[in-house]
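So the protein sequences, as listed, match chains A and B. Numbering-wise (my numbering), the first sequence opens with residue 817 and increments by one. Numbering-wise (my numbering), the second sequence opens with residue 10 and increments by one.
If you're looking for bench data, these hints aren't it; they were derived computationally from the structure. Heads up, the beta-carbon is just placed ideally off N, CA and C, and yes, glycines get one too. Worth double-checking, as some hints may not be accurate.
[Stated by the list, open to error] Listing some non-contacts, in silico: residues in chain A with all C-beta distances to chain B over 10 Å:
{"id": "1", "residue": "Met966"}
{"id": "2", "residue": "Lys987"}
{"id": "3", "residue": "Trp1025"}
{"id": "4", "residue": "Gly1101"}
[To be verified] In silico contact screen, one side only, chain B against chain A (beta carbon under 7 Å); selected entries:
{"id": "5", "residue": "Ile169"}
{"id": "6", "residue": "Leu180"}
{"id": "7", "residue": "Leu217"}
{"id": "8", "residue": "Phe219"}
{"id": "9", "residue": "Gly225"}
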Amino acid sequence: MDWKQLWEILSAPDNVPIIAMIPLLAFYIYLAWKQAHANDVLIEQLAGDAALAKTHHRKAWPFKPGWAKEVHVWPFLLRIEFLAAIIVTIILMVWSITLNAPLEEPANPNLTMNPAKAPWYFLGLQEMLVYFDPWIAGVVMPTLIIFGLMVIPYIDTNPLGAGYYTWKQRKFAIGTFLFGFIILWVSMIFIGTFIRGPGWQWFWPGQTWDHNRLIYEVNRDLPDLFGITSNWGKGIFGAAVVGGFFAIGGMLVHAFFRRHNAKDFKRMSLLQYSIMMTFFLTMIGLPIKMLLRLLFHIKYVWITPWFNV
Amino acid sequence: MPEEKTPNGKNGKSAGLVERLKAGVKEDLESLKTELPAKAKEQVEILKKPTKTQVYTSIFRHKHDDTPRNRALGVLSNVFLHLHPAKINRDAVRYSYTWGMGGITFYLFIVLTLTGVMLMFYYHPSKVQAFRDVLYLEHDVPFGKLLRNMHRWAAHLMVIAVELHMFRVFLTGSYKKPREFNWNVGVILLVLTLLLSFTGYLLPDDQLGFWAVTVGTNMARATPLLGHEGPFGQQLGMTPYNDVRFGLLGGSIVDANALLRSYIWHCIGIPIIASIFMVLHFWRVRKDGGISGPAPVVLDSEVKEAKK
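Modelling step: build the complete structure from the supplied sequences, incorporating the hints.
Right, dumping it as structure tokens:
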């Protein structure tokens, strides 16, 4: 266990925000879960009691009939905003006094930093470079993430859960988002920051960053495993595999979705449904390709003269 | 000239002048003794009620009394506060619902603008000067280190706050009807926040920023169709000297032009674009009916299916 190495990584000034994100995220997930749970309990109670459902104020918070429904923004909201501004300022002040922003040697194109890392919020995408070619990891994926986020309001036809925390009413939507945000975005940032060392090799926390380490790893392409050698064969085989993933995966998701989200399925138009399927399957494809690489050392699935997937 | 009596004195003009002066001075002294103290008293009385002064009423156009009307006017007649409604849902002020992350993001943007403008006074976006300017800022400028630290940490904090804000908005289903469009504006603002942070990364012109931006922009080489290493790029005549990466960097390597470009995007271009989208974002929050909740829970059995 190389404690010095571990400390150097953990205490690098630019890594501090990522460390700070762990407790922050944990706290807010807890806060959301607590309210979602309270609301779910209330929903269940109201669903079983029609008389109560008619009279209940429909919130998990205490409520008395005499209380005003609305409060003045001045002072009840503005004092909170004012306090928040003060607290953030204090945090920033203390942070800025105690920790200096990093400044390395002057830029030198002849001396490559190893590892050369992107800013922390892009490390998830840089980590993807291990598994995908740059045009996918660096260009297509960010584009898909942005468009994927943008279409959410238009493909989520579930009218429930608007304006309150809940889990049971929106399992699919929240599950998918948590998977994308926590597993694919945040945890990839963690791997990129704390695990990846020189040569972008995998170093466990506390393992010394050995700049001379060599890993003997033969990566194969999927067509090679099946003994396909011709370019045409590889192209067609890859297209079939990728197409097959979308077809079979699509069938599986379809079978699951129309059973467990019957109402949503009924509400969705063909366009909404196919857009959701495309983005969902593409997202699922990510960890599958990662596993193929990590477990079976497979580099490419689909090889063409112009691009490789 | 014959002597004449003047109304002011029997000893002629000069004597009359002296008399007049004496009388006048006496009057002035009398006024100093009586009228000024009276005015001072009056002034003290007025200052006891500062809200009645002309200066105050010219700035604030409503009274300061603790009445519902004035509380509402205090928000509505103030350009900085009128983004808020006069009254809101009593549960909407609960921190546990909103987490305050949108507001904190905006506050951090203001902090970054202020510290950023101050940093601009000490920074030249040129290869010769940039790194030295940062050293100068850190070692010689009073509070320069604090200024730079604050700008850096506020930027990191803003990225975190934006992501948490999006997380909360998703978990509360706040993107649902009628707020679909505002969610999209928010996604654009998220991207702009990341770009703001990314363009600032290169500006110290040190190894960290240089290689981070090199890694980042190298991906642009691989842009399908538009990059010289991307799929179908070469077939479309892309070279390192005319592809999309060249356009981003103003050259085929990260050098002086890239520094200038990222400086201008960072300090002028993206802040203006982001401000426009922020205006839109905040305005739409109000137009779409204020913040989404906390809304009363809806039961599955109460959903009315739209007829097709």
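Determine which of the earlier numbered hints do not hold for this structure and return their numbers in increasing order. Structure breaks hint 1 only.
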